[in-house]
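Chemist: One letter stands for each residue in the lines below.
Protein chains: 4
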Amino acid sequence: MAKLWQKTYDLNELIETFTVGEDYILDLALIPADCIASLAHAMMLNTIGILKDDELNSLKKTLINILKLHEKGDFPILKSDEDGHTAIENYLTKYCGDAGKKIHTGRSRNDQVIAALRLFSRDVLVHFKQACHSLIRSLTGFADKHKDVPMPGRTHMQIAMPSSVGLWAGAFAEELLDDLKLVNTAYQLNNMCPLGSAASYGVPLPLNRELVSDLLGFEKVQNNVLYVNNSRGKIESIILSGIDHTVLTLSKLAQDLILFSMPEFGYFSLPGELCSGSSIMPQKKNPDALELLRAKSASISSAVSQLKQILRSLPSGYNRDFQETKGPFLKGMYAGIACVKIMDLTIRELNVHREKLIKGFIPEIYATDAAFRLVKEGIPFRDAYRSAGMNPGLLDTFDPEKVIKEKSYTGTTGNLCLEKTREELDRKSVELKKEKDRIDRKWKHLVGFVPDLARGFLAGL
Amino acid sequence: MAKLWQKTYDLNELIETFTVGEDYILDLALIPADCIASLAHAMMLNTIGILKDDELNSLKKTLINILKLHEKGDFPILKSDEDGHTAIENYLTKYCGDAGKKIHTGRSRNDQVIAALRLFSRDVLVHFKQACHSLIRSLTGFADKHKDVPMPGRTHMQIAMPSSVGLWAGAFAEELLDDLKLVNTAYQLNNMCPLGSAASYGVPLPLNRELVSDLLGFEKVQNNVLYVNNSRGKIESIILSGIDHTVLTLSKLAQDLILFSMPEFGYFSLPGELCSGSSIMPQKKNPDALELLRAKSASISSAVSQLKQILRSLPSGYNRDFQETKGPFLKGMYAGIACVKIMDLTIRELNVHREKLIKGFIPEIYATDAAFRLVKEGIPFRDAYRSAGMNPGLLDTFDPEKVIKEKSYTGTTGNLCLEKTREELDRKSVELKKEKDRIDRKWKHLVGFVPDLARGFLAGL
Amino acid sequence: MAKLWQKTYDLNELIETFTVGEDYILDLALIPADCIASLAHAMMLNTIGILKDDELNSLKKTLINILKLHEKGDFPILKSDEDGHTAIENYLTKYCGDAGKKIHTGRSRNDQVIAALRLFSRDVLVHFKQACHSLIRSLTGFADKHKDVPMPGRTHMQIAMPSSVGLWAGAFAEELLDDLKLVNTAYQLNNMCPLGSAASYGVPLPLNRELVSDLLGFEKVQNNVLYVNNSRGKIESIILSGIDHTVLTLSKLAQDLILFSMPEFGYFSLPGELCSGSSIMPQKKNPDALELLRAKSASISSAVSQLKQILRSLPSGYNRDFQETKGPFLKGMYAGIACVKIMDLTIRELNVHREKLIKGFIPEIYATDAAFRLVKEGIPFRDAYRSAGMNPGLLDTFDPEKVIKEKSYTGTTGNLCLEKTREELDRKSVELKKEKDRIDRKWKHLVGFVPDLARGFLAGL
Amino acid sequence: MAKLWQKTYDLNELIETFTVGEDYILDLALIPADCIASLAHAMMLNTIGILKDDELNSLKKTLINILKLHEKGDFPILKSDEDGHTAIENYLTKYCGDAGKKIHTGRSRNDQVIAALRLFSRDVLVHFKQACHSLIRSLTGFADKHKDVPMPGRTHMQIAMPSSVGLWAGAFAEELLDDLKLVNTAYQLNNMCPLGSAASYGVPLPLNRELVSDLLGFEKVQNNVLYVNNSRGKIESIILSGIDHTVLTLSKLAQDLILFSMPEFGYFSLPGELCSGSSIMPQKKNPDALELLRAKSASISSAVSQLKQILRSLPSGYNRDFQETKGPFLKGMYAGIACVKIMDLTIRELNVHREKLIKGFIPEIYATDAAFRLVKEGIPFRDAYRSAGMNPGLLDTFDPEKVIKEKSYTGTTGNLCLEKTREELDRKSVELKKEKDRIDRKWKHLVGFVPDLARGFLAGL
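Chains as they are written, first to last, in the numbering used here: chain A, 1 to 461; chain B, 1 to 461; chain C, 1 to 461; chain D, 1 to 461.
Hint data in this document are derived by calculation from the structure and do not stem from the laboratory.
Treat the hints with care, since some could be wrong.
[Unchecked claim] Capping the alpha-carbon separation at 25 Å, the derived lysine to any residue pairs in SDA-like fashion look like this:
id : chain 1 : residue 1 : chain 2 : residue 2
1  : C       : LYS52     : D       : LYS79
2  : D       : LYS220    : C       : LYS356
3  : D       : LYS79     : B       : TYR334
4  : A       : LYS356    : D       : ARG427
5  : C       : LYS220    : D       : LYS376
6  : C       : LYS356    : D       : ILE362
7  : A       : LYS79     : C       : ASP344
8  : B       : LYS72     : D       : ILE25
9  : B       : LYS79     : D       : LYS376
10 : B       : LYS376    : A       : ASP98
11 : D       : LYS376    : C       : ASN57
12 : A       : LYS356    : D       : ILE362
[Claimed, not checked] If you anchor each label on the Cβ, the simulated ranges turn out as follows:
id : chain 1 : residue 1 : chain 2 : residue 2 : range
13 : B       : LEU69     : D       : ILE25     : 45 to 51 Å
14 : D       : GLY448    : C       : ARG441    : 37 to 43 Å
15 : C       : GLU423    : B       : PRO263    : 52 to 58 Å
16 : B       : LYS79     : D       : LYS68     : 22 to 28 Å
[Said to hold, decoys possible] Covered stretches of chain D (chain C as the covering partner; in silico rule of three or more C-beta atoms under 8 Å from a C-beta of chain C):
id : stretch
17 : 192 to 204
18 : 327 to 339
19 : 397 to 408
20 : 423 to 432
Just so you know, even glycine gets a beta-carbon here, dropped at the ideal spot from N, CA and C.
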């Protein structure tokens, strides 16, 4: 089919291959969101007299048809279509005639792709947050279950002071809750309606941006039409940055798990179903998924950096450079959700070996506790510290289970305050449920059912 | 003076040079915050009986003395001190005797440096937000003043559609307000009290973390003591990421300004006081500061990436790798504030050349407007688009000032809605003022006056 | 089919999806190289008595069959195969029986994938260098053709001093020749035979690594078997770094071209076949490919950084993290070649507009030349500089075409020394041809024909 | 003193602070190189009649005087000087009168700073290579000494197959030799003379670039004068990229060392002089330097990425953005040398604990050896592999010292081929010595003695 901007001459073939790139494949993920946004746009065009009622009905029917074809994998985007937007418009023109030719009135592919990306990202972020909530719940449960299991606390990877499995797991639960604050801010920035900005400079028609925004469940209209295009890639970088910080947390957890499930420690073990083997060493059970998670963290961070590099110092308005942000953004989001789910599975299946953990309590681990005994006798800390350091004999028979209970103020092994985490998590889960319901109601109103705009994209997870 | 962990043998000299690095210089920025945090910690130790009243008084007097010495540049940190924490403790021990040796009771340098960094960062962020508010105000004022000045709108850097100076400037004002949402989330995550976590595993003393947190004006205690140390560098990366996204916005503004003040465009010009010259070409007036701003954006982004790379896959608990996060964090924050202030100055001094802007309105700029005339006559957009493209004759005498007023829906040249920006900015300014007052009251209560923990650091800006 | 390490239980499905990732798709690019390497390995196994003559013949026939199936797109890798190596071994076992089960003797997938990557990369680099040579030839020809066409020289993007189109284009030709030195070093490091290292620790069989290396045309055996695996991803990062530096050069060239083909300059123009249009603005001709090239430069740099991040601080020996290096490496190489070819096409088709270039010679451009007139009269440069700066009247009627010829020492507008570039290029082309012939002879000897191991991968370019 | 481009008005103070940045501090490192390059430039100006003999003599005397003042720390650069070039010119003008005002004839600060950077970098690279050679020698010696000490070989951080301390250490020696190939290519690209390019467009004087190049010991003139400026920052990124790849190798070595010196392994230990302690835990001996080395690797990589980001898509000719490349380049080079020296010290002092290493040989480590016993009996590898995996009973009494000797082909534990490494290292050392002597002769000829242009910069290392 024809390109939307078809001229009287043909584009050089190498240029076409290069500029289309893998857009026609990546755009498959955006088809449902694009259909939804197109429908809202069409409904607005109808209210301002651009589309007649029967034209709108025809477009609505056909857009819903595309949605269904896509779900079955029957709505391909051809390379010659350039992208999903063109594929949709060509299909509409084929089946709706003039109505199809009118759908692009008052919009550009610039705001069209932004709208699709935002709706799509919103659904992906809902999935991401759900996955994080589940993982935090698993970690909190794990921390609670093992709150009295001693674990050597380390600094510089060296044995340092008594700790517990509960403290260790609880630390990650809290960090993830904080990471989600970044994701929530990104969610909010993403939830602005770009439609009506067209190619950054609006159009000379009385578009009703507020109506479109409301139909699509956006929180508000993104006001300045040039800002809309200037934010292409930027919002994506913000979303991915939130995901990146979350997975960075998981990279630490993965490293701890890989380390502490080595036979030399044996604190934890993974069931065989979570490990893979070697093609040459028959005895191996390797924590492949955790290793890949470490690497994925590097990949997601690189994608964030890539997005910012692509955007840096670009002049205002649309630049084709933006296209190159789509791939890393989509891949980064997919990897982010996958990592969270892998970690959730891992924590739920993780075995804890109490005896190995206690074996790690070498006498030196109590040196600080010994110093504090002297402090309690009134010796200044710095002197007590020196005494303890010089006299390993002070390290008499401490009991691992007792010492971890002795630390009893806020946030310590004897007083984890897991209920704080649980309460915040519960609050967040209720909010998320409410937001999800809000969107569902919008979709029911708009198309009569509730499409999951991220379902195809997340297949397999 | 002695290191806090002094052993019976000496550290290899090369190792010492390498491990101390420039910490003893960087830590100068943290001395005031460290004194403040140390005082709050001492007050708490007094309430649980570790420090006697006279010991506390002696420490308080001496810590305030350090604050004053530092302000005058008279509190140096020696390389042999390793860092500022040691310099302070050594000084306290010298002047307060046993009380000095007790100050480290219940804390580690690990939570001590985190506390200092957070208090310091909080003050720097207040300055950063103030600078951003000022810039947004300048941009909004500029947009308002020039809201009717036509400006060629571009996509692909090519002339595209009619736009206005008001739309252009307003876009950046809105984007910066959104960027500040990221900074606010970072502010909130930073505003948690780390003290009491010690080396990640707490101490066997009944510390009162809530009291310390309250004295220092933190929003809450950062609960899990291991999480405290796991978040070292992480919170910094989150803060810097917010600043990075802000400066990324400025890089686009800088690029536009450099481009549009080239003689070939001449839309804008910078007064001579803001330009520098060439050592070989006597006629040159170069936009050096804007070029450097572009580069600083790359530097800040790299610093964010550096922080995350340093942290990735580190096991739980303190690792010396953390030290390497301090330099890029401090430099990144300084560069961030500098960029915002440079841009504020630039916008306030910028000259606008209306006649050059209007000269940019070549006939083709009206092609889309021409297409929409046909649309209004009922021709489907896609056909109208093709007609306009094929028949440049349609591009009759449009008037630049009239066409930009014709776009009248939300966020377009004829309806910028700058009042939305102004209202949000006013709201944010009030909040910031309130928060600043809250902190000031804490300091008055704690030390009797209001030290600006970032003043020395920001000297020259 | 079964995994190579199949155990008695099944791998968790989510873990499988996550760990296989897109390996089974990416590996398609490596199938030909893997077949070739497998054949050389088998020939060596035959010489040490592991494979009988008829077993070797059967394997050879079947491997060549796979090569041909793959060329027709008829050798798919199933997700359940995990990767291409398994697909090949399973196919060999199916068609060659015990011989198939013996092919993996003395190797691991670790050294197998490295071998395939190196052979594949070697062929891709040959293509890359050929493309660069062609581009350098185009640039040199372009520089020669336009060596007397004046062009405003700029610093700080501002008009600075007289220059020429020849100087401008010649600068890029020389830079690219230097960039190729990095690529050549990478080529050399890549050209070491990894086979025989197995899983990093060798095997208790008398493998003949030298024979395999020779059969495959490697320059030498990569000696230490642990180093072989430690270099996984590392050599890739080195190759990509060379490509990255090359494309960085192109990003500057692209930026110049985008800038100078804006109507405000009009120095250059691109034919329509190399531009694309807008879906809403019918008049637009946009330099999309050059914009994308700019973005691709950011993507390739990010991929280099990603590879290094994945590798950093990994302990010795194989880690699953390595798998994550494959995607960015392959994509980066493809993008690199594409960018070079796009630029070659652009330079070959570029139109030069002499009158617009000369129009850029505003009087101030001669200020330095004016200062040097004074210098020639004996006035110290610094005073001459000040005089010229203060007295624009000095800038009398210089002639653009004359001034650029007046600079006549090495490397200036009047003396470009393009013959140096041409000579070096000719030398490099001869070397490359020789190396290509050398490899071709190896393939003829090994399989009887000359497969292009990169052909499928580079389809479309 | 005055800026070189002083105009009739003053630069805004904030702009000055921002644009000067820390250049006036960083430039201290470049003063010696700048003096040397200025002298060569002056000698050339003398040959073409710009400088009289007595003017040249006066300049020579004064430049050598600056060299000596600088060595004693008595040649400060004032912030108002902007940079070192201005400080030198101002000093020359003060002491040599008109001769000082003539020194800038035919050059710009653009080519001046590039010349200084290249001479300086060349000396730093000589130090870097010397340090690497020393480390490689240490590693090879260490490998040789412990070539028969068994060490568990790992993949996925899990125990995999028998290995040796010799194989482990030798792997790093070889990798570093290969890394040096990248450094050598960077050295070669750096060793081109930029002088004469002035502000990118030459000057209308008959400069003799070949003479200057020869006096300064450059390998050749960098021909195209625009390319000279286009390569600013680029050559730096190439140098730093070579260093980065080297330190990346060290990050792996550091991680291995940190891991294997944990008490749970105890394979290696560091003497106390190389460790530091804790401020709260008196018993701790932490591998701080190795942890910092890991972090420095991230910092150096980030600096490489930063340089490329700053350069990307800049238009041709000088842009002020270049200034921002100086800091990360200098810091990156310093960190690189420091890391190599730290590692050399560590390897030389490292203790090896044979009994702990052998303790790591759990029975499963022999599974592959067991499979190969079956292979030798004629069982196809894939079947042997499955047998061994299913029947741990096969893992009878292997002897660690015997199995590592049994692998006897090239590059394996029984046949490390360390002599190859030694020979290559010897060859490289001879070349380096020769190159150093060559430069020394140039300096003797030029100034009569041999200044080390990097000495001040590397103080402490």
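Chemist: Now tell me, hint by hint, if it's right for this structure.
Modeler: Hints versus structure:
About 79 Å separates the Cα atoms of LYS52(C) and LYS79(D), which puts this hinted pair outside 25 Å; it is violated. Pair hint LYS220(D) plus LYS356(C) does not hold up; C-alpha atoms about 36 Å apart against a cutoff of 25 Å. This hinted pair checks out: LYS79(D) and TYR334(B) have alpha carbons roughly 18 Å apart, not beyond 25 Å. Between the alpha carbons of LYS356(A) and ARG427(D) the distance comes to roughly 51 Å, so the proposed pair goes past 25 Å and is violated.
Restraint check: the Cα-Cα separation between LYS220(C) and LYS376(D) comes to about 28 Å, which exceeds 25 Å; the hinted pair is violated. For the hint linking LYS356(C) to ILE362(D), the alpha-carbon distance of about 78 Å lies beyond 25 Å, and the restraint is violated. With a C-alpha separation of about 23 Å, the suggested pair LYS79(A) and ASP344(C) falls inside the 25 Å cut-off, and the hint holds. Of the pairs offered as hints, the one joining LYS72(B) and ILE25(D) holds, with about 22 Å between alpha carbons and a cut-off of 25 Å not exceeded.
Restraint check for LYS79(B) and LYS376(D): not satisfied, since their Cα atoms lie roughly 63 Å apart, outside the 25 Å limit. For the proposed pair LYS376(B) and ASP98(A), the alpha carbon gap of about 15 Å is at most 25 Å, so the pair holds. Between LYS376(D) and ASN57(C) the alpha-carbon distance is near 21 Å, which keeps this suggested pair within the 25 Å criterion. Distance restraint check for LYS356(A) and ILE362(D): the Cα-Cα separation of roughly 17 Å lies within the 25 Å cut-off, and the hinted pair is therefore satisfied.
Between LEU69(B) and ILE25(D) the Cβ separation comes to about 24 Å, which falls outside the hinted range of 45 to 51 Å. Take GLY448(D) and ARG441(C): their Cβ atoms lie about 57 Å apart, and the range 37 to 43 Å is violated. At roughly 39 Å, the beta carbons of GLU423(C) and PRO263(B) sit outside the given window of 52 to 58 Å. The hint said 22 to 28 Å for the Cβ distance between LYS79(B) and LYS68(D), and at roughly 26 Å that hint holds.
With a cut-off of 8 Å between beta carbons, the stretch 192 to 204 of chain D has 8 residues touching chain C; three or more are needed, and the interface restraint holds. Restraint check on the stretch 327 to 339 of chain D versus chain C: 0 residues with Cβ-Cβ distances below 8 Å, three needed, restraint violated. Using a Cβ-Cβ cut-off of 8 Å, 4 residues of the stretch 397 to 408 of chain D lie near chain C, which meets the minimum of three, so the contact claim holds. Here the stretch 423 to 432 of chain D counts 0 residues with a CB under 8 Å from a CB of chain C, which misses the bar of 3, and the coverage is violated.
Violation of the numbered hints given earlier is confined to hints 1, 2, 4, 5, 6, 9, 13, 14, 15, 18 and 20; the remaining hints are satisfied by the structure.
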